[in-house]
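A.B. asks: Sequence:
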Amino acid sequence: MTDKSFKFAVIAEPKDQKQWLGIARQAEDLGYTSLLSADVLTAASPFPALALAAGATTTLRFGTWVIAAPLRGPRMTAWDAHTLSMLSGGRFDLGIGTGRPFVLEDAAKLIGLEPGSAAQRLAQVEQTIDELRALDGEDYTPVLIAAGGPKARALAAAKADRITVASSAFATREEIAALVTQIREQAGDRGEDMEFVAPIYVIGDQAPPWVSRLLRTDMATLIERDSLGILRGSPQDMAEELRRRRETLGVCSFTINAVFAEQFAPVLDLLDTSRESPKRPLSAPVPSPRFTSDSSHNTGPR
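If you count by UniProt numbering, then the sequence shown holds residues 1 to 302, one letter each, in order.
Be a bit skeptical, because a hint or two may be false.
As the list claims (entries may be wrong) - No more than 27 Å apart at the CA atoms, straight line, and that leaves these computed lysine-lysine pairs for DSSO-like:
1. Lys-159 with Lys-15
2. Lys-4 with Lys-159
3. Lys-18 with Lys-7
4. Lys-7 with Lys-159
Said to hold, decoys possible - Derived DEER-like restraints, expressed as beta-carbon distance ranges:
5. Ile-223 with Phe-102: 23 to 29 Å
6. Gln-19 with Phe-102: 35 to 41 Å
7. Glu-262 with Gly-55: 33 to 39 Å
8. Glu-192 with Arg-244: 19 to 25 Å
9. Asp-237 with Ser-5: 18 to 24 Å
Worth flagging that the hints you see were computed from the coordinates, not collected in a lab.
All C-beta atoms, glycine included, are put in the ideal place defined by N, C-alpha and C.
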């Protein structure tokens, strides 16, 4: 369905300067494409955090996964996004959506924000993108839209460069492929240039505690129902499965939580044919992650 090159992003939550910059540098060294930060009121603000990461790296892209449009005025979000893009040499990607329910609930409790109707929130997404395009001028900040319902998918088809289909962890391969095809068709001539991004919540057989809270299920059920939110087996098995997903689903970009970044690195080597030799023996055992923090809000699109 697509022959685009693979891209992999690390999603992480900033805890302190040393930890955050360590994740950014590790992601760049291991060959990840970008570093992503969530937009929730109970964690560090993504824009200054990503600016700090940009200053500590040279080739790594970085972006929001994803900005909840109701939390800021459209012009303010566009201003911050344009500034980051300009000062990083064009390495910033704006990910934006209407906001997941728990994000909007926190906004109501913590800052007294009335998020508005679904239609109003989607209009804020569109206005933010229009404001960003006006600020960018001849420069161009790539935009990702987290698209759930039909109207959001239509907006993504019209305005987005990259799309993540906000769907259940139990969405079938056929369902995802159909949505990707639909959006490409709605986009017309620009459809083939669109890039689709999918989250991978678990690498291997061990799920962090926050996965069950985020997805409201357990690892056994994810395995039983062939969830696209998990990736298991040897590095070779994982690489082959990702090639299959690219071919059959039309998805070439994937997000990986930072707790799995090192464990997943051998798969990057297998999928990146531009490297003459891998950075680690492919036959070596894949290290298991240590789940030491709650990163539940760093994985799914908003």
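A.B. asks: Decide, hint by hint, whether the structure agrees.
C.D. replies: The hints, checked one at a time:
| no. | hint | verdict |
| --- | --- | --- |
| 1 | Lys-159 with Lys-15 | 33 Å, violated |
| 2 | Lys-4 with Lys-159 | 20 Å, holds |
| 3 | Lys-18 with Lys-7 | 26 Å, holds |
| 4 | Lys-7 with Lys-159 | 21 Å, holds |
| 5 | Ile-223 with Phe-102: 23 to 29 Å | 26 Å, holds |
| 6 | Gln-19 with Phe-102: 35 to 41 Å | 24 Å, violated |
| 7 | Glu-262 with Gly-55: 33 to 39 Å | 23 Å, violated |
| 8 | Glu-192 with Arg-244: 19 to 25 Å | 20 Å, holds |
| 9 | Asp-237 with Ser-5: 18 to 24 Å | 21 Å, holds |
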